[in-house]
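Model the placement of chain B on the given structure of chain A, informed by the hints.
Protein chains: 2
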Amino acid sequence: MTTNELISEIKKKQSFLCIGLDVDLNKIPKHLLEKDDPIFAFNKAIIDATHHLCVAYKPNTAFYEAYGLKGWKSLKKTIDYINTNYPEIFTIADAKRGDIGNTSSMYAKAFFEDLNFDSITVAPYMGKDSVEPFLAFKNKHTILLALTSNQGAFDFQTLNVKGQDLYKQVLETSTTWENSKNLMYVVGATKAEFLTDIRKIIPHNFLLVPGIGAQGGNLQDVCKYGMNDSVGLLINSSRGIIYASNKEDFAEAAATKAKELQDQMSIILNK
Amino acid sequence: MTTNELISEIKKKQSFLCIGLDVDLNKIPKHLLEKDDPIFAFNKAIIDATHHLCVAYKPNTAFYEAYGLKGWKSLKKTIDYINTNYPEIFTIADAKRGDIGNTSSMYAKAFFEDLNFDSITVAPYMGKDSVEPFLAFKNKHTILLALTSNQGAFDFQTLNVKGQDLYKQVLETSTTWENSKNLMYVVGATKAEFLTDIRKIIPHNFLLVPGIGAQGGNLQDVCKYGMNDSVGLLINSSRGIIYASNKEDFAEAAATKAKELQDQMSIILNK
Numbered sequence: 000m001t002t003n004e005l006i007s008e009i010k011k012k013q014s015f016l017c018i019g020l021d022v023d024l025n026k027i028p029k030h031l032l033e034k035d036d037p038i039f040a041f042n043k044a045i046i047d048a049t050h051h052l053c054v055a056y057k058p059n060t061a062f063y064e065a066y067g068l069k070g071w072k073s074l075k076k077t078i079d080y081i082n083t084n085y086p087e088i089f090t091i092a093d094a095k096r097g098d099i100g101n102t103s104s105m106y107a108k109a110f111f112e113d114l115n116f117d118s119i120t121v122a123p124y125m126g127k128d129s130v131e132p133f134l135a136f137k138n139k140h141t142i143l144l145a146l147t148s149n150q151g152a153f154d155f156q157t158l159n160v161k162g163q164d165l166y167k168q169v170l171e172t173s174t175t176w177e178n179s180k181n182l183m184y185v186v187g188a189t190k191a192e193f194l195t196d197i198r199k200i201i202p203h204n205f206l207l208v209p210g211i212g213a214q215g216g217n218l219q220d221v222c223k224y225g226m227n228d229s230v231g232l233l234i235n236s237s238r239g240i241i242y243a244s245n246k247e248d249f250a251e252a253a254a255t256k257a258k259e260l261q262d263q264m265s266i267i268l269n270k
Numbered sequence: 000m001t002t003n004e005l006i007s008e009i010k011k012k013q014s015f016l017c018i019g020l021d022v023d024l025n026k027i028p029k030h031l032l033e034k035d036d037p038i039f040a041f042n043k044a045i046i047d048a049t050h051h052l053c054v055a056y057k058p059n060t061a062f063y064e065a066y067g068l069k070g071w072k073s074l075k076k077t078i079d080y081i082n083t084n085y086p087e088i089f090t091i092a093d094a095k096r097g098d099i100g101n102t103s104s105m106y107a108k109a110f111f112e113d114l115n116f117d118s119i120t121v122a123p124y125m126g127k128d129s130v131e132p133f134l135a136f137k138n139k140h141t142i143l144l145a146l147t148s149n150q151g152a153f154d155f156q157t158l159n160v161k162g163q164d165l166y167k168q169v170l171e172t173s174t175t176w177e178n179s180k181n182l183m184y185v186v187g188a189t190k191a192e193f194l195t196d197i198r199k200i201i202p203h204n205f206l207l208v209p210g211i212g213a214q215g216g217n218l219q220d221v222c223k224y225g226m227n228d229s230v231g232l233l234i235n236s237s238r239g240i241i242y243a244s245n246k247e248d249f250a251e252a253a254a255t256k257a258k259e260l261q262d263q264m265s266i267i268l269n270k
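For the protein sequence lines, the chains are A and B, in the order given. Counted the way numbering that gives the first Met the number 0 counts, the first sequence spans residues 0 to 270. Counted the way numbering that gives the first Met the number 0 counts, the second sequence spans residues 0 to 270.
Extracted from the complex, chain A is given alone in its bound form (with noise of 0.2 Å):
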């Protein structure tokens, strides 16, 4: 999907919400349990009952992954039946995967090609040739990790490097690689004050925006400090709306929770 593609549907839908889904077995309506692939059947209630008030899915590949090749091949069945279904929506491996090149290039194999995702989250630790593998590819987006929701963020993300945060340096450093305007970046919205200096920086990209609600981070200040013309926000929420009931209503209870979300992101992006 390219970047004008998502910023229509984002207008058409007026949501810029993402909703991530974080399957984990002991979370969900017991009802579930009794069927043939759990994780996936979750899934497909919680998409089919909110893909019209979201732009994005996020699947954690860890919480696939803890399921082993079960929990990969509902990975898969995931990425397909919304690739399906609703080719309209922009998906994120949530993988935060990097590595030296060559490594890199397969990662980007596993996510852009074998699962076809449209964007996958990756760690900046490892420098330029462990990100440009990903960002070589035509139409997907590579969102880069710049200062995170949770409190290690503050171990080194924080720390100065030539006089500002190391996040900042990443940000400043990952705008002269190769083909760097396939990247989108995660900005915790725990932090949201940070995100007037983030946008001197990074004006144009898109910012993958996670923390709000369970997290604690807030969607108005997000929106004031964030946003850019071509609204720039991808606003993820996982544990809020995909754990809203854990009762046979729960695909209603997160379409009612996403549509709470969507609703005050038509207000913001009527203002």
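Mixed in with the good hints there might be a few duds.
Since the list gives no way to pick one copy over another, a pair counts as held whenever it fits inside one copy or between any two copies.
Using 30 Å as the maximum straight-line C-alpha spacing, the simulated DSSO-like pairs for lysine-lysine come out as follows [to be verified]:
(1) 161 <-> 11
(2) 199 <-> 43
(3) 34 <-> 76
(4) 29 <-> 108
(5) 26 <-> 72
(6) 246 <-> 108
(7) 26 <-> 139
(8) 69 <-> 139
(9) 26 <-> 137
(10) 69 <-> 26
(11) 246 <-> 12
(12) 72 <-> 139
(13) 108 <-> 69
(14) 180 <-> 199
(15) 108 <-> 72
(16) 137 <-> 11
(17) 75 <-> 199
(18) 108 <-> 75
(19) 26 <-> 258
(20) 75 <-> 34
(21) 29 <-> 139
(22) 26 <-> 75
(23) 75 <-> 258
Hint data in this document are derived by calculation from the structure and do not stem from the laboratory. The structure presented is a predicted model; accordingly, all values stated were derived computationally and were not measured.
Just chain B now, kept in the frame of chain A:
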């Protein structure tokens, strides 16, 4: 596996060699492509021919994920084969994972429980709460990226923070984390001269050293600067061993290359 068990295997086998199982279907002998599971067939032959010459195997997950479900199945068969037939071998999932706390727990479950690896490589960028969930597992080892073997290592890892290189800050900070005794570190062989300083910060931990062979690192230099009282080194070679031949004799050719390294290691251990 405990660290003491690993050290005792090193002494018994007179080897601290780790063999990287990075299987690329474009590089393996053509006759294997007719097999049901060419990746597993290749790994099995390599493992049977080299298990007495090395103490560790390190499959890089990218090379399995690139082949989708089939690849994940080959990875599972490979680790199961090693654990069943050569339980004395230390196994490393070269996965370079790392995410917010509850997600890292899922990765830890995936690699320590479902696949039953002894260890996993983890990226440090997201800090303490992204690594500690791995460290919580008893007799499992977390191999933190410190100074990697690629050119991109110089993009961020060697930036000056608090008067020293970032990777040294990563080493220092990580020693304060809970269960930090379960930490090992990745330090590229292409930067052997850095090992003296590294050993001042982490005198006791094991180092996983990639970059010998195809990437140009030198075994003697690494041992000179990096070895400690309990050896403290796992030297990895991937392509230099597993692709020594792409004909029917590939497994013997791999054993010959592994024996060359093991011979050198034996001399170093007996100095």
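Evaluated hints:
1. Proximity of residue 161 to residue 11 under the C-alpha cut-off of 30 Å is found in neither arrangement, the shortest distances being 43 Å within a copy and 48 Å between copies.
2. Taking identical chains as interchangeable, the C-alpha atoms of residue 199 and residue 43 are never at most 30 Å apart, the minima being 39 Å within one chain and 53 Å between chains.
3. Both within a single protomer and between protomers do residue 34 and residue 76 lie at most 30 Å apart by alpha-carbon distance, with minima of 14 Å and 26 Å respectively.
4. For the homomeric pair residue 29 and residue 108, the shortest alpha-carbon distance between copies (21 Å) is at most 30 Å, but the shortest distance inside one copy (36 Å) is not.
5. In this assembly of identical chains, the alpha carbons of residue 26 and residue 72 lie at most 30 Å apart whether taken from the same copy (20 Å) or from different copies (27 Å).
6. Only between protomers do residue 246 and residue 108 lie at most 30 Å apart by alpha-carbon distance; the minimum there is 26 Å, versus 38 Å within a single protomer.
7. Taking identical chains as interchangeable, the C-alpha atoms of residue 26 and residue 139 lie at most 30 Å apart only when they sit on different chains, with a minimum of 27 Å there against 32 Å within one chain.
8. With identical chains, the CA atoms of residue 69 and residue 139 are at most 30 Å apart both within one copy (27 Å) and between copies (24 Å).
9. In this assembly of identical chains, residue 26 and residue 137 lie within 30 Å of each other by CA distance solely across copies; the values are 26 Å between and 37 Å within a copy.
10. For the homomeric pair residue 69 and residue 26, the shortest alpha-carbon distances inside one copy (18 Å) and between copies (29 Å) are both at most 30 Å.
11. Proximity of residue 246 to residue 12 under the C-alpha cut-off of 30 Å is restricted to the intra-copy arrangement: shortest distance 28 Å within a copy versus 56 Å between copies.
12. When the C-alpha separation of residue 72 and residue 139 is checked against a cutoff of 30 Å, the pair qualifies both within a copy, at 22 Å, and between copies, at 27 Å.
13. In this homomeric assembly, residue 108 and residue 69 come within 30 Å of each other (Cα to Cα) both inside a single copy, at 21 Å, and across copies, at 14 Å.
14. For the identical chains of this complex, residue 180 and residue 199 are intra-copy neighbours only, at 16 Å inside a copy versus 42 Å across copies, given an alpha-carbon limit of 30 Å.
15. For the identical chains of this complex, residue 108 and residue 72 are neighbours both inside a copy (17 Å) and across copies (17 Å), given an alpha-carbon limit of 30 Å.
16. With identical chains, the CA atoms of residue 137 and residue 11 are at most 30 Å apart within one copy only, with a shortest distance of 24 Å there and 51 Å across copies.
17. Proximity of residue 75 to residue 199 under the C-alpha cut-off of 30 Å is found in neither arrangement, the shortest distances being 38 Å within a copy and 46 Å between copies.
18. Proximity of residue 108 to residue 75 under the C-alpha cut-off of 30 Å is found in both arrangements, the shortest distances being 14 Å within a copy and 20 Å between copies.
19. With identical chains, the CA atoms of residue 26 and residue 258 are at most 30 Å apart within one copy only, with a shortest distance of 22 Å there and 51 Å across copies.
20. Taking the closest pair of Cα atoms, residue 75 and residue 34 come within 30 Å of each other both inside a single copy (17 Å) and across two copies (24 Å).
21. Proximity of residue 29 to residue 139 under the C-alpha cut-off of 30 Å is found in neither arrangement, the shortest distances being 37 Å within a copy and 32 Å between copies.
22. When the C-alpha separation of residue 26 and residue 75 is checked against a cutoff of 30 Å, the pair qualifies both within a copy, at 21 Å, and between copies, at 26 Å.
23. For the homomeric pair residue 75 and residue 258, the shortest alpha-carbon distance inside one copy (27 Å) is at most 30 Å, but the shortest distance between copies (41 Å) is not.
Checked against the numbered hints listed earlier, the structure breaks hints 1, 2, 17, 21; every other hint is satisfied.
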